[in-house]
Amino acid sequence: MAKFTKKRGKSKPAISTASLPDIIFMLLFFFMMVTVLRDSDLKLQVNTPEATELTKLEEKSLVNYIYVGKPTKQYQQVYGTSPRIQLGDKISTVEDIPLFLEQHKVKLPEAKRSRITSSLRVDGEVTMGIVQDVKTKLRKSNQLKVNYSAGKRSEELN
Amino acid sequence: MAKTSTRDRMSNEINAGSMADIAFLLLIFFLVTTTIAEDKGILVKLPPWSDEEPDITKLKERNVYSVLVNAQNQLLVREEPMRLANLRESTKEFIMNPNNMPNMAESPQNAIISLKNDRGTNYQTYLAVYNELKGAYQELWDDLANKRYGEPYTDDMEFAKRKSIREEIPFVISEAEPTSFGDEQ
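Heads up: the sequence lines are chains V and P, in that order. So in the UniProt record's numbering, the last one in the first sequence is 158, and the numbering has no gaps at all. So in the UniProt record's numbering, the last one in the second sequence is 185, and the numbering has no gaps at all.
In isolation and in its complexed conformation, chain P is listed as follows (with noise of 0.2 Å):
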């Protein structure tokens, strides 16, 4: 190396090789950290708009499981206070009532969910309650359709099967008017 003259050295080409190999160890490098970014959530249905409150009082106790969180991330479940770890069961037992209780719901076509928060709840709270209750249905609906059909409810069954299961079991969640008791940040 040292008896190397400078014009040797001079005509000496950089061995461009193994530039592929640092390319390749960067798109592993890359690869692997990326994550890549997917629009998902919880996909939700509003009702329309009407000036007047609708009147749930007219239906069944029985078969209204009501939900309320109150400014501190609460939850009352049907006037006892529940843990959110606790929802998602109780709830499938109030919609489809295998013991035939008579204050749990009549029928699943039946069951209504209402679902009631302050202006002051936490929205994550909001949306892990929320997430409990369509979980909830979501479980009912892979019971049934794996019962009926043998496979698990997915967006990819057919539109016929997938519209009698939601007939069986309707996902009816009526959220009231939120109270404004606690702080708004």
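Isolated chain V, as found in the complex (with noise of 0.2 Å):
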């Protein structure tokens, strides 16, 4: 080590960090791109199912999402460990389903209101009984456009 020091003698090599900041940015561009906001926070355990069939949901701003799944850990004691809806941040029921939608619908033009995809993020544990009821209400509240949320699969069926 003192012999390398030695022969470079004082004659500093300066490197440029000009560019630091422009890496730091473009890390930044990066996530900001990336990463998903997710404005409520989920309280169910929400794994969708994996499918082939997939079509990719344009436009985030027409899409509501409703999830259903069992409560996490920290919110079975609240809410059970039966399966529950989740609208936004809160754990509702099937009856707030037309309010919910309503009032997503509201805040969107009126040419677009036509668009608006219902997202329905279902753990594949789930039984079809709660499934059926949200489907029921979406049906009565005539928004027809929905997405069953799933994965992509890879391997094949047996």
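Because the hints were derived from the structure by calculation, they are not lab data. All figures in this text were calculated on a predicted structure; none of them were measured in a lab.
Below, a list of computed lysine-lysine pairs in the DSSO-like style, where the Cα atoms sit at most 30 Å apart: (1) P:Lys45 with V:Lys56; (2) V:Lys105 with P:Lys45; (3) V:Lys140 with V:Lys112; (4) P:Lys45 with V:Lys70; (5) V:Lys140 with P:Lys163; (6) P:Lys116 with V:Lys70; (7) P:Lys60 with V:Lys135; (8) V:Lys140 with P:Lys45; (9) V:Lys145 with P:Lys92; (10) P:Lys116 with V:Lys152; (11) V:Lys60 with P:Lys40; (12) V:Lys70 with V:Lys152; (13) V:Lys152 with P:Lys161; (14) P:Lys45 with V:Lys43; (15) V:Lys112 with P:Lys161; (16) P:Lys58 with V:Lys135; (17) V:Lys60 with P:Lys161; (18) V:Lys43 with P:Lys40; (19) V:Lys105 with P:Lys40; (20) V:Lys90 with V:Lys56; (21) V:Lys145 with P:Lys40; (22) P:Lys40 with P:Lys116; (23) P:Lys45 with V:Lys112; (24) V:Lys145 with P:Lys161; (25) V:Lys90 with P:Lys40; (26) V:Lys152 with P:Lys40.
Heads up, incomplete: computed chain V residues facing chain P, CB under 10 Å, no partners named: (27) Glu50; (28) Val68; (29) Val122; (30) Lys152.
Cβ coordinates follow ideal geometry from the N, Cα and C atoms, glycine included.
Two chains, each in its own frame: build the complex with the hints.
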């Protein structure tokens, strides 16, 4: 080590750090693009099933999310262990769905309202009963575009 | 090194040149590990609500492809048990009816899929079944699009072409009110 410093003497190689901010900005921009801001934190365990025939959802502002699943550990004491529905950031019942849809609808311009999609994020383990109730409510509220949220399946069916 | 006095060391600046490398390392690490959260799923158009049940008894039996899923997540297709893996092929055969069988759809326009599940059916199974049915149609559209226009059926296709294909093989699925034999969670 001592030898090494001696050889170079006092001439310090000045490496320009001017590009550092650029790099940090790059990082920042990357994460700003990628990160999906979740405005509501999940109180339910939702592991969506996998499928192959997927459609990508365009225009996030036209999508409202309905979560169905069992409450997570910390909420189990309050809400029990049977599957519940979460609208926005609170656990609700099917009866609250029309109001929830209406609240989302009024924020949008009239021309776009026909393109509103409901994204159903349902846990794979949930039975169809509660999902059926949600579907019936959506049909009664005339919200017919529905997207069953699912991940991409890669392996073959058995 | 031993000879450098404390004062010398004080004036030494920390070399910030390697910071860039560290930042890059971080960047690459996150690039590799992040899965870009995409909102994907099976798009479904629900039928408008009406108080009376649609009457499918008026339809000819040969045109109706009934798929039942029970609370044990078992499949009953046209009165016969079936494995999920065979559903897609079997549905395709029913719709197109290549051998003009008397018990299959008269034409793709007449074919109707009737899906019925129990309130105790797992959502996962339900979605898998729906996925297979939709997949069968998707494959048929693909075949037709390839034959007619030499391109696969995608959303980027011209609207007129897509429309003509969908008129040739319309996706008609009727979901009956589910039974409630099984246990719900």
